[in-house]
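Chemist: For reference, the chains in residue letters:
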Amino acid sequence: MNVTKKLDSDTMTIFVEGWLDTLTAEQFRSEAQQLEGAEKVILDLSKVDYISSAGLREVVALHRSVTGSGGSFSVRGVVPAVMDVFTLTGFDKKLDITPA
Amino acid sequence: MKKTKSIFFKTAIILALVVLLLDVLVLALTYNITYNNNLELAESRLRNAAEMTLKSTETYNLYDYVDKPEEGFNFDMICEMFDITYVYVVEPDVRTRSETYIAIGFGENASEEAINTRYPGIRVDGELNDSEIEAYNGNDDGVILHELSRFDDSLICYLPCTQYFDFKSNDYVEYKAPLVVGAELSLNDYNRSFQRQFNVITILTITLTLLMVVAFGVILYFKVSHPLRVITARISHFVTDRKKGFTKLKVKGEDELAQMSQAFNTMAEEIDTYIGDIEALTREKHTQEAELNIARRIQMGLLQPDNFDTAKMDIDAYILPAKDVGGDLYDYCVLDDGRIFTAIADVSGKGISASLFMSRAITLLHQYAQRGYSPARILERFNDTLAAQNPSGLFITAFVAIFDPQKHELVYSNAGHNYPYIISDKLVTLDSAHGVAAGLFAGEAFEDATLRLAPGDILFMFTDGVNEAKSASGEFYSTQRLEDRLRTCIGSDDPAAIHVVLDELKSFTEGAEQNDDITMLTMRVKPYVSEVTLNLKSDKSELVRIRSAIDQLDISEDKKKTLYLAAEEIFVNICSYAYDTQGEAGLNITVGNVIGMTFTDSGAPFDPTADVIDINDYDHEHSIGGLGRFLVFSVADRYDYEYKDGKNILSLYFNNEVNDR
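Those sequence lines, one after another, are chains A and B.
Just so we're aligned, residue 1 is where the first sequence starts under the numbering used here, counting upward by one.
Just so we're aligned, residue 1 is where the second sequence starts under the numbering used here, counting upward by one.
Don't read these hints as lab results, they were simulated from the structure.
The beta carbon of each residue, even a glycine, is placed where N, CA and C say it ideally should be.
Errors might be hidden in some of the hints.
As the list claims (entries may be wrong) - Negatives, chain B to chain A, calculated, CB over 10 Å:
1. Glu-284
2. Pro-455
3. His-620
Claimed, not checked - Computed spacing ranges between beta-carbons, pair by pair:
4. A:Lys-5 - B:Asp-337: 41 to 51 Å
5. B:Tyr-643 - A:Arg-57: 21 to 31 Å
6. A:Gly-37 - B:Asp-337: 48 to 58 Å
7. B:Glu-289 - A:Lys-5: 57 to 67 Å
8. B:Arg-638 - A:Thr-98: 52 to 62 Å
Given these sequences and hints, build the entire structure.
Modeler: In structure tokens form, the structure reads like this:
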């Protein structure tokens, strides 16, 4: 899994590529912690084709930390296989999420 | 050198013996002849003595001097004159076989006994012998007799003496009875003196002979044996001496030895030059071999391992370099996007130049592959780069292929290389996209060909060292044999097509020299499996193995993700909760109309199907646990749990959609 980040004024876009699962969750967390005070965070999952509950937890935790400090958090480019997991767990209704 | 081994010593000994033997023979012969001649002389002397005695005493009445012999004829003088022992005149008495000495003379060798016992007037009984009687009876033949006489073993001559001349009557007067004159030569005496003389001759002869032999030996030694030994020593220490610097033998005269020395000098010079040449050649060869070995090691070091295994495919390689370094190479790697690059190539020529070219080629191929180029593009860049700097005009044939395991697609391009094969349900020759060999003409265009590979298919690549391998009888292994052998791999579960070929190739080439590198490379797409069983440690890192196992299953990619999601969630649960420390878990997946996935662990009893969260009541804002199990039972179509024999057994079932692969 690869994580790249792009900061554009107050908007931080996080690009993830690969699988977001038990084996990569920790790596994702440490990357996502450094947001450099961005108010708006966009998580781009267009290159993620698999997510498990461990990955889901990291996305939710990020959502909480960003919104908890008054920022806005959105997920975009979610592929169908990954979207299924969001839908099954009901997070599609709780998160600002846009399918691919 | 031991003296006894010298042929001259042996010859001298044999010569001495032969000469001595000859000496003895000659001496014996001489002895015999001389003895007999002398004996004859002695015999005539004896007869002359007897006759002389008879003649000389003719004018004497011998009886007159019996009492006063010193006044009569001097018989001793006769002995001396004729060199005999005794001269005497006796009066035989035939009736009594006795005789009376009338006169007697002694030679210088006469025995003492004779001198003392025989004197004129003495009568000796029984001394008269038959020969004397014959003379007495008038036989005047003067025959020489050899008999044991009164004194000795002697030669004797008897003559009758019947009368004397009387000057008073001036007439011959008959003795009243005939007398007998005897002259004797003692043989012992004669022999002794002869022997004495002959001994001197013998000693002289033998001494002379020995002296000659020794002289001959000495001459032989200094003129032949010694020079020969010098030559022999020079020959035996030729190599040792050579290191100290070669000196010629002296050549004196024009005899055989001189010719031999001359021949040795010529030979030594030629050998010296020859050895020098060979030494130089050997040094050069050693250096070359060492360099070739280094080159070969470096070359082999550039190659990837001969076995590579991923979830999607196996790669096997085999290379057997020829004695001279050849220019075969193979390469493979997994590209950044997960595609697999393979290449095989063969540089024209052998030796250091080919091996250097090869190392350049392998680096370029690898580099261009890493850039994500298509096989044709790789070959184009490869060809252009090589052709730009190729002073020795070497070229290289190459086959390059890239396999996309997601799409099961093989793209390949060929630069003058032997056609590889695909072993699927039949044997297919990859004869399209075939261009010119690389390295000579810049700007050549190559084309890509695309082929779909099914699971279990094998791409077999090789160099001409395989089909052109020769048997001991000079026959080629041939593509025909190769294809026949590869056909036996069709439908076989054995992934090692290389070893099938290699086994035959080895027995085919038994006893023949290998002239070219033999290289083979296979890439086999792993066949799908319908069942996997894993024994796992309760450690999250084992998820990698679970993913690989699921990848091999003959199901759609989406289904694999679903299975993996379920497997990950369950396995993470086992890792987190089943054991206090590390334990084990089993995973079995079977594929049919329904896919069955069973997890087994011997941790604390726990029914994961109980108390699954209700997502409608789930507090998305605050809760975060329980989602994993919820996901598992959402994606599984059916599930089942039991605790049996101390084990948690969880079975999940998934409907298998129509295979959309």
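Chemist: What hints, given by number in increasing order, does this structure fail?
Modeler: 3, 4, 6, 8
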